[in-house]
Every structure is written in C-alpha cells, then in structure tokens.
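Here the protein sequences line up with chains X and L, keeping their order. Residues 1 to 316 in the working numbering are what the first sequence lists, from first letter to last. Residues 1001 to 1146 in the working numbering are what the second sequence lists, from first letter to last.
Please note that the accuracy of each hint is not assured.
[Said to hold, decoys possible] Rough simulated footprint, nothing fancy, chain X against chain L, three-plus residues with beta-carbon under 8 Å:
(1) 1029-1040
(2) 1119-1129
[To be verified] Ranges of calculated distance between the beta carbons of each label pair, as one might list FRET restraints:
(3) X:Phe220 x L:Val1068: 37 to 45 Å
(4) L:Val1068 x X:Ala23: 43 to 51 Å
(5) L:Val1068 x X:Pro163: 26 to 34 Å
(6) X:Arg33 x L:Arg1132: 35 to 43 Å
(7) X:Glu227 x L:Arg1132: 30 to 38 Å
(8) X:Asp297 x L:Val1068: 52 to 60 Å
(9) L:Arg1066 x X:Phe220: 37 to 45 Å
(10) X:Gly284 x L:Leu1064: 23 to 31 Å
(11) X:Arg148 x L:Arg1132: 33 to 41 Å
[What the hints assert, rightly or not] With the C-beta cut set under 10 Å, the calculated list includes, among others, these residues of chain L facing chain X:
(12) Asp1046
(13) Gly1047
(14) Leu1064
(15) Arg1067
(16) His1110
(17) Leu1133
By construction, these hints were calculated from the structure, which means they are not laboratory data. Cβ coordinates follow ideal geometry from the N, Cα and C atoms, glycine included.
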Amino acid sequence: MMHDLALLCCAAEAALVVGLVAAAAVLRLRRGRRAQRDAALGRLYLRIVMHGLLTGMRRAPAFPRIGRTGARGVLAQVLARLASAAYGLDAGLLRRIVRTAELEPYLLRRIRRSGGVRRARYLSLLARLAPDAAVGAAVARYASDRSRSVRFAACLVQLAADPSQALRLLACWPEPLTAYELAAVASMLRRGMLPVAYEPLLASPHRNLRSLGLCIVRQFGIEEAEEALLRIAASDAVPEIGCEAVRTLCALQRPLCRSGVLRRLRSMGRAERRALLRCMAAEGYASDALPELFDRDERLCYESLVGSYKCELVCP
Amino acid sequence: MARFSGRGGRENRMLNQAAKPDSDMYRILIVSDDPFLRDMVRFALDGLGAEIRTPGDRSEALRLARRVLFDLVLVLAACPYADCEAMLPRRQRGMRRPRIFFVAWQHSEHAVLSVLDGGVDQYMTFPVNLQRLRLKVAECLNTLNP
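Excised from the complex, chain L in its bound form:
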C-alpha cells in the first residue's frame, strides 16, 4: 500500500508551490465539532506552509470567519443537512470568497448535491484518503492569487 507521506514528484511540486513565506501565508480554517477529526486533518495538512486555525466549536468558528479572511475553509461534519448552512462563512463585502471543502459521512446523491448547491467547492466522504485531501488542498491553494 502506498505510504501516506506520498513522495510522488507531482505531489512534491504541488506542496512546494503551496508553501509561502511566513508574512504572506495562506490561511486555512478547519471547522468541526469533533476534536479528533479536527486534529487529524490539521496534522495531515502540516507542512503546507499555511496558517491553520482550528476553533473549538461552531460559534467560535463563525466568529473567526467573520473577522479573518481565510483562503480555504474545511468543514468536517457528521451530517451535511444540519451543518452546511450554519457552517459556511458569509462572503465579506469586497473580499474574495474562501474556497470551501466539505468532508462528511453522508454519501447519497441528495447530500452531495445539496451541499454543492449551497456553495461548497469540493465534497469528500469519510473515510477520507488523507494523502488525497492534502493534495486537493495544495492544488486549491496553488490556484489562488497571492
């Protein structure tokens, strides 16, 4: 089985490109009610050269999302119906909209379509391949304008 570290050339190029100097770091917000999932994804995204914030609960995450302009918001949720609307940060006036990735346990067509209709850019299901998630995040950060 492939090692999680994934030493493929394409991935390494992506990850190196994603890394930015400290002064101009990408900002990632991880939103989840489950501390284990939050930490797991946070540790999986280590080394991407991004500032990762993991607020303890949903209200804190929303407060943070209103104050700080994030490049990427990662929502790790048990149920997309309940969480989608509440967890998506509002677009700030004149500011760039953050990319939103959603990882949930539900995999039915309805769940995926409703979340994508709600403005989510990427939907993945648990169990998630952490190497793939890391690659997707790196790809997403590379497409953003500095």
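For reference, chain X alone in the conformation it holds in the complex:
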C-alpha cells in the first residue's frame, strides 16, 4: 500500500515538474514571438513616420494593425525614441500622429493602471511625445506618488507640457536632483524643449537650479561662466554645489590653483577629493598643477591614475 502511494506521489511530482517546464517553455516562446512581432511592427511604424517626415505629409499617416494589443505602445516607443535621437523634426506632424493614434489617452490609461517602475516608464514615454497642457494637468496627481522615479517622470511630463514653468517646477522639487535627473533635464534642453540660459540659474537661490546651471555649463562647455563658477566654489552655502562647481571648472580645464578653489578643497572629504582627482586625470591635468592642491599621498594616487589603463583610453 505504502509502496503504491510513494509511486503515485513520485508520478504526480514528475507530472508537475514536466507541466511547469512546459508552461515556462510556452511562456518564453510566446514572449519571444511577441518581441519579434513588436520589433517588426516598430520597424514598419518607423518607416511610415520617416516617410511622412521626408515627404512633408500634412495629414497623419495610417498605421496598420494599430488597434491590436500593444501596437499603440510600440508606436509610442518609436515616436519617443525618434524624439530622443533626432531634433528638427516636423513637430506638427508628430503631434497629429499622437492625436490621431490616440496615444495620450492610451498612455494615461496605462499609467493609471500600472505602478512603480512601469508607471515611471510610461510617464517618461509621455514626456517625449510633446504633451499638451491638459496632459500636464492630468499627470499632476503623480507628483505626490510614493516612488521618486514616478514623481520625477511626472515632473518631466509637466516640463514638456509647459516649458515656461520649468524654473518654477524645478525650484519646487523638494529633494536635490541626482546626476541622472539632471541628465534627463539636460537632454530636454538639447532637444530644444527648454531654454538654455545658465546665468540666472547659477545666480538662483534654489539649489536644484544652481545644480542645473552647472550641468548646462559642463555639457555645453561654456567658458564664460568661469567667474560665476569661482564664486560658487568659494562661497556657496551648500557644500555639494561648491564641489560640483570645482568639478565643472575641472571639466572646462580651467586652472584650479585659485584661492576660492583651495578653500573649497580644504573643506572637501577624502572621497570627494579622490573623485576630483579622477576628474582631473580624465581631463589631462599635469602633475605640476597638484602640489598646492593635494598632499603627498593624493599626488601619488594621481600618478597611478595617470598611469592606469583608464587614462590610456581617455588620453591616447
């Protein structure tokens, strides 16, 4: 009796394992087929959009199979990637495509039904589709979401919907902007969606705006901002912003043996000084520039950095 029971249990376990493996295989196959289908559809949609842009089409083109599950998501991704990788496109036609394919209601629905990372992903897709003021107002509720990535993506949508409110929105952002968040805002600047005026940003009383100003100076290599950078490095009340100003001076390859920079360096922690050394090595500063700035151990560290393979790549 016991023997039969054990045999039955083994058979049931084997059947369960086989069933699970088969289910996993089917799931993987379905995912693979769906990915292939989405890739083919994305290619087709890209061709249609590019043809419309090339020929100066007035009306939004028709997209085959747009009613199918996931097809609107594919089109939204195509348009978002196109907007990220290219500028100077016919914004009117892209706007008409978004409206005709009903991408904004689709994305707002997905945003409402999802949460966490997915919600942030859909919001960032929406931010790249040049949303209008109504969409900006519709996502305002996510500005108080639990997840920081969702809050920031909602802020990006609002920035894209109404660029004239950019400074107010960024100044109201309660936490210090991270490097990733600054890069996301800077990429909007590069696509011409926001104005590039660094001077009022550097002089702003808000930490995030000063940080964005430094990011702009660094990304666009604005050497005229040197005086403002020295002022921030010497006397900014927020230590992180002062350090960022020193790194920005370094990125612009300006001389660092200045009284303001020296004062800031003395107040910097060990890790921050090492980070600055790495920046200096990447920018190709000579060892002769170091004696006044760093102690003996740090100078030795700098020499090893210069001799490292990383520097060989950066300074061939």
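Based on these hints, arrange chain L on the given structure of chain X.
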C-alpha cells in the same frame, strides 16, 4: 519649425546631384549595434540615390567593409572610445579610402578629438538633426569622384 523634408533650393540641388544611375551608385555602410538608430538613419537617407547597407552586427559590418569598397561609412555609436578603432574599416590596398562619419552620444572635447585623430571625417552628436545629416552626406557624396 522647419519641416524635415527640407525643400530649400540648395539642398534639392545637392540631393539631385548626389543621385546617380543604378549601375554606378554610391555605396553607404551604416554600422550600429542599435537596430532603431540604423533604421532611422537608413530611412532618413532614402532617395539619395545610394545603395545603403545596414549589417546586423559589428563583425558582419567589418566583413562587409573588407569585401566591398564603400564611399561612405556611417558609424552610429554609444561610446566612441569603445567603438572607434574596431568599427573603422581598414584601407584597402590601392583603393580609395571611404569617408567616415561618426554620430555618437558623447560630446566632450576629448571624445571628438580622439575620434577625429582616429581618421573620422565628420563627428556629430545625438540628438542629431536628420535634415543636416542628410545634407552632409549628400555634400560628401558630391565631392567624390565618380
């Protein structure tokens, strides 16, 4: 905002000059690991009268570059340091060197100079103006001897 199709007289002249009969077409190679960027640039260069090849990966692109003499090689890369040396096709003995355009996300002075030192003729950064890229390619093809 200006339409991408760019119907300016200068551009139209350039593009018409760039178009050649089928038997003697210019050859363009687009190298990128990203299929979206590859297709985007390929569709943007449609109508230039050139044969455009877009191999699926880097090794295939290098194989193709060794076999076929291209007039222009367009490298679309995420990081120029990693890709520059590997992606540039070698000069073939006794053959004309292809013009090389590089479009990458990096915009620091070091990145641009290192790539230009590596033999690249034109460096552009993403996000790229497709109309300008098309015009540059047409200009480049017009300067080549048939």
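The hints, checked one at a time:
no.	hint	in the structure
1	1029-1040	holds (count 5)
2	1119-1129	holds (count 4)
3	X:Phe220 x L:Val1068: 37 to 45 Å	holds (39 Å)
4	L:Val1068 x X:Ala23: 43 to 51 Å	holds (47 Å)
5	L:Val1068 x X:Pro163: 26 to 34 Å	violated (46 Å)
6	X:Arg33 x L:Arg1132: 35 to 43 Å	holds (39 Å)
7	X:Glu227 x L:Arg1132: 30 to 38 Å	holds (34 Å)
8	X:Asp297 x L:Val1068: 52 to 60 Å	holds (56 Å)
9	L:Arg1066 x X:Phe220: 37 to 45 Å	holds (39 Å)
10	X:Gly284 x L:Leu1064: 23 to 31 Å	violated (36 Å)
11	X:Arg148 x L:Arg1132: 33 to 41 Å	holds (37 Å)
12	Asp1046	holds (7 Å)
13	Gly1047	holds (7 Å)
14	Leu1064	violated (20 Å)
15	Arg1067	violated (26 Å)
16	His1110	holds (6 Å)
17	Leu1133	holds (9 Å)
Going down the numbered hints, you'll see the structure goes against 5, 10, 14, 15, while the others check out.
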